[in-house]
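A.B. asks: Protein sequence lines, in the order shown, are assigned to chains A and B.
For the record, in the first sequence the residue sitting at position 84 is 84 according to the numbering used here, with numbers rising by one throughout.
Quick note: to get the numbering used here, add 1000 to the position in the second sequence (first position is 1).
If you're looking for bench data, these hints aren't it; they were derived computationally from the structure.
All the given hints hold, so there is nothing to weed out.
Straight-line Cα separation of at most 25 Å, DSS-like style, residue types lysine-lysine; simulated pairs: (1) K1061(B) - K1106(B); (2) K1106(B) - K77(A); (3) K1061(B) - K1116(B); (4) K87(A) - K1116(B); (5) K1116(B) - K1106(B).
In this text the structure is predicted, and so the values were computed from the model without any measurement.
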Amino acid sequence: MLWNTLSRTWGPWQELQRIQSDMSRLLSGIPAQGLPTEYPPINVYAGEDGLKLVAELPGLDPSDIDVSVVQDTLTLKGGLAPEEPEKAEMHRRERRTGRFVRSVQLPYEIESDEVEARFRNGVLEVDLPRARAARPRRIAVKNT
Amino acid sequence: MAETKEVQTTPDEGLERTRERRVYLPRADIFETENEVTLVADMPGVDESSLEITIENNVLKIVGRTQDVSFEGYTLRYAELEPGDFERSFVLGTRVDADRISASIKNGQLRLSVPKIAPAQKQIRVTAG
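Okay, chain B solo, but in the shape it has when bound (with noise of 0.2 Å):
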């Protein structure tokens, strides 16, 4: 069954940041269906240009930064929410076309296709001998 799941998260690899601030792992779906992997994330306060995405060694990279909010003349009363940045990471499989990878942030959720790489298709004659 693993081997069907063309993207997977990391492992923590206990990296730190060197800005004090919090990060959190944006909430995702991921779902795959016959041409493409789609990963739909949710980063409340993060657009286009504050959005950056990686691929390296196969790891594709999500960070989004987001910017205090503060109102003058206001103070914080009554807190659910605390500021951070997103992050997350996540393995691409072998099947996939990174080079084709397409992004857009709308409404502070990002949404990733990834197009698979149809199998080739070989087919290995065999001759008696």
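Isolated chain A (complex conformation) (with noise of 0.2 Å):
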């Protein structure tokens, strides 16, 4: 008894419960669904001459869509705007709407001039070939 007073109040027994409580408070910002909280979500493919990207993003036009790159920084920004239409009673309201920006930090740099998107059935396709400077150079070994 004594023993659960103190541990609770004193010394490594409060830090650890300070991180744990830290911690659950991290785990409940992840959605039941196990959805990443970032959006919109992406997957990355890796090859020999650059990457892939591929994110969702339903219900967009190509035109809300703007897709920028600096250097190894990915940049996605666009909007939804929220459907209301006068007089209707929503019964459901589960899509995301509003604005979006998600940076994403690439392995390496890419050259900016090479990047072509694409836009089909609310899926975003991204070609981020890798900066020529940034390839790998095979160095040919003399023998001497």
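Using the hints, put the two standalone chains together into the complex.
C.D. replies: As structure tokens, then:
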């Protein structure tokens, strides 16, 4: 009993408890479905000459999406206005609306002039070729 | 209040799929105006050819199939998205016209309009007697 009381207020236990409560607060930020909290959700694929990024942005028009690359950082920006027809009774509102900005740090610099983005059925695909200066160069080993 | 709802989700029926693939509930907005109920559902990766909408016993079922994304010579290095299909069912109210439901899909977003049946105005004559 006394130990329990002490352990809650004293020294390392208190510290542990603080960490634990910090952890559960962090974890409680994760939605039940295990969806990432950042929007839009992305996948990144890596190949020899670059990367490909896939993001899900349902309901947006290509003109609503802004893709920019500076050095090794890709930024996706956009927005979707909430739909609120007049004299309508909302039964459910689960879809995400509003503005978003997401920056992704990539493992190397990108040749920004050669970045291409396609949008099809609410899925964005971005080609991110590795900057020429950042491409690995094979060094010939001379036999001397 | 519940009576005004023309569309409701069905409880989980515990049915299993034969294909081993994730099935997501598409996020949906549902709003009702004077003449119709509109459902807007996010189904990224689905187009008109991979979408199936059926009505059976007053249950409206939406199934959207997606294709796995892969690039030749590329490997997945960071993933927040897991491939999966979309599936969701709604119970239609009795005051909707199921024969006149219209649906369209654009940019991975389904839009379904369910017209309501105008309530028939009937007056019962009361006679004294």
